[in-house]
Amino acid sequence: MSNKILENIKWFTQNSKASREDDLEIIVSSRIRIARNIDDVPFEIKMKKQDSQRLITLVKSVLETKLRGRFVDMQQITPLEKESLFECHLISPAFIKKEKPAGVFITDTGNISIMINEEDHLRIQGLSRGLDFINILSEVFNVEEIIGADLGYAFDETYGFITSCPTNFGTGLRVSVLLHLPGLVFTNEVEKVLKGAIQIGMTVRGIYGEGSGIKGNLFQISNQHTLGLKEEDVIETITKLTHMIIDIEKKARDVILTKARNEFEDKIFRSLAVLRSARMVNTEEVLNLLSAVRLGVGAGIVRDVTLNTINEILIISRPANIQLYFGEILEERDRDVKRAEYIRKRLGGNGD
Amino acid sequence: MLCDECKKNPATIFFKEVLPGKTVELHLCESCAHKRGLMTAKKMSPIEILQKLLKEKSAHDEQTICPGCYMTLAEFKRVGRFGCSKCVRSFESYIKNLLKQIHQSDKHIGRTLSPGEKKGIEVFKLREELKKALENEAYEEAAKIRDKLRKFGIDNVE
Ligand SMILES: [Zn+2]
Ligand SMILES: [Zn+2]
Chain U
1 MSNKILENIK WFTQNSKASR EDDLEIIVSS RIRIARNIDD VPFEIKMKKQ DSQRLITLVK
61 SVLETKLRGR FVDMQQITPL EKESLFECHL ISPAFIKKEK PAGVFITDTG NISIMINEED
121 HLRIQGLSRG LDFINILSEV FNVEEIIGAD LGYAFDETYG FITSCPTNFG TGLRVSVLLH
181 LPGLVFTNEV EKVLKGAIQI GMTVRGIYGE GSGIKGNLFQ ISNQHTLGLK EEDVIETITK
241 LTHMIIDIEK KARDVILTKA RNEFEDKIFR SLAVLRSARM VNTEEVLNLL SAVRLGVGAG
301 IVRDVTLNTI NEILIISRPA NIQLYFGEIL EERDRDVKRA EYIRKRLGGN GD
Chain X
1 MLCDECKKNP ATIFFKEVLP GKTVELHLCE SCAHKRGLMT AKKMSPIEIL QKLLKEKSAH
61 DEQTICPGCY MTLAEFKRVG RFGCSKCVRS FESYIKNLLK QIHQSDKHIG RTLSPGEKKG
121 IEVFKLREEL KKALENEAYE EAAKIRDKLR KFGIDNVE
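Line by line, the protein sequences give chains U and X.
Using full-length UniProt numbering, read the first sequence as starting at 1 and increasing by one per residue.
Using full-length UniProt numbering, read the second sequence as starting at 1 and increasing by one per residue.
Just so you know, these hints were derived from the structure itself, not from any lab.
One or more of the hints may lead you astray.
Some chain X residues well away from chain U (every beta-carbon gap over 12 Å; in silico) [to be verified]:
1) 7
2) 60
3) 74
4) 154
A few chain U residues that face chain X, going by a derived Cβ cut-off under 8 Å, partial list only [unchecked claim]:
5) 108
6) 166
7) 185
8) 187
9) 203
10) 205
11) 207
Backbone N, C-alpha and C define an ideal beta-carbon position, used for all residues, glycine too.
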């Protein structure tokens with residue numbers, strides 16, 4: 001089982017030729033998803049059980065002949081396994097709760113997933129470590145074409161791709177980037193930077209925690225509008241915005257690392273020491289400790305930990321993943337113990 | 001990067017103004033953005049706008065019915081989700097305004113169906129016809145549909 005999770009997240013933990021390798025300590029990951037519906041099939045809200053089942057059969061058979069990957073029937077897996085797919089960013093939170101027949105196809109590369117019977121018939125999603133919209137977009141459209149050539153999408157010349165909810169009309173495209181912004185958080189600039197993002201039609205949220213309770217200094221920016229915009233323009237806007245934020249984040253880091261070098265080195269190495277030595281650690285604490293270590297790696301202060309390892313710990317230490325990693329159902333307290341054990345092992349920790 | 005306006009403070013806010021025929025991008029500091037009145041209005045998200053608009057009822061909501069899925073406009077306003085691909089045109093005058101308010105646009109300019117995907121719509125209709133023909137044991141009819149499907153290059157018909 002542990003192998004299967006690591007397999008699911010290898011897009012996030014291994015170097016790839018395609019993705020850009022700079023600024024990876026700030027740009028954690030990027031994601032593109034498109035919503036599509038089959039023209040001749042009732043939409044999700046009006047689907048009967050046999051419609052849902054038939055759609056799964058049809059999409060599955062198209063995908064299995066054209067792509068290398070595995071199909072997961074959501075009705076055949078445990079709640080823990082569902083939770084784990086979500087923690088690996090392969091399915092949406094809404095998909096966990098689906099009661100009607102639903103399934104997800106995950107490619108062998110682990111970075112492309114196709115949810116069948118989410119709010120729309122199809123949610124095709126691509127993920128990448130760092131910023132790599134160009135490659136993910138073409139991978140996502142490749143899948144889009146494969147299914148569309150067999151099943152036919154609901155499309156209107158005026159309104160574009162028709163989705164269940166009017167908020168996705170047009171391109172059905174959601175582009176997002178996950179940013180690590182400890183510099184901006186520390187210099188109190190994060191709020192105004194993010195306000196600027198909202199003004200150009202983006203939405204910003206903490207990926208773990210909301211409002212002032214943001215954990216791990218991780219922020220997700222994504223586009224809000226899908227109609228009246230070309231796919232490429234949405235990507236260009238979010239890319240430019242990302243570069244601007246990186247610029248400000250780097251300046252903020254320079255400031256704090258110049259003015260308070262000792263304090264920050266101390267915080268970074270203490271965080272690493274805790275991760276290498278702790279006997280019990282909860283998810284929230286891990287997020288904050290990893291943020292400090294990530295900052296340290298980015299600044300060249302920590303040299304014996306890679307960003308790929310940090311990425312792996314970020315995902316594997318989540319509550320469901322840590323249980324599947326060890327192959328056992330664990331109470332919260334036991335999870336904290338096992339989580340600490342796993343992290344010590346990954347970081348070459350003390351006393352084992 | 002310095003603020004485009006005062007060229008003194010660092011730019012922390014990125015604006016995109018879409019004017020007819022051109023898009024202007026501005027990098028401003030917070031105080032210049034305030035001066036231009038760009039930071040004042042709290043923007044509503046598309047979902048918030050949708051939820052607000054769905055509350056506005058009108059006289060013929062119960063009588064406006066989609067022939068594709070029998071959803072009424074009243075039902076759409078309750079659930080906020082379409083029942084089929086024909087709902088849009090069935091409720092068009094209402095939806096047009098809805099889309100304008102949510103997206104500030106009512107015209108798709110992005111990717112369209114590729115030639116292969118256009119064919120896909122026909123292929124799927126034929127598949128459905130084939131399924132019905134087989135269920136009704138209309139084998140001659142089924143054979144004709146299979147021929148049509150083969151013309152589209154589809155061989156794996158059930
Ligand atoms: Zn200024
Ligand atoms: Zn309808």
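Here is how each hint holds up against the structure:
no.: 1; hint: 7; verdict: holds, 16 Å
no.: 2; hint: 60; verdict: holds, 19 Å
no.: 3; hint: 74; verdict: holds, 14 Å
no.: 4; hint: 154; verdict: violated, 7 Å
no.: 5; hint: 108; verdict: violated, 22 Å
no.: 6; hint: 166; verdict: holds, 6 Å
no.: 7; hint: 185; verdict: violated, 14 Å
no.: 8; hint: 187; verdict: violated, 10 Å
no.: 9; hint: 203; verdict: holds, 6 Å
no.: 10; hint: 205; verdict: violated, 11 Å
no.: 11; hint: 207; verdict: violated, 17 Å
In this structure, the hints that do not hold are numbers 4, 5, 7, 8, 10 and 11, in rising order.
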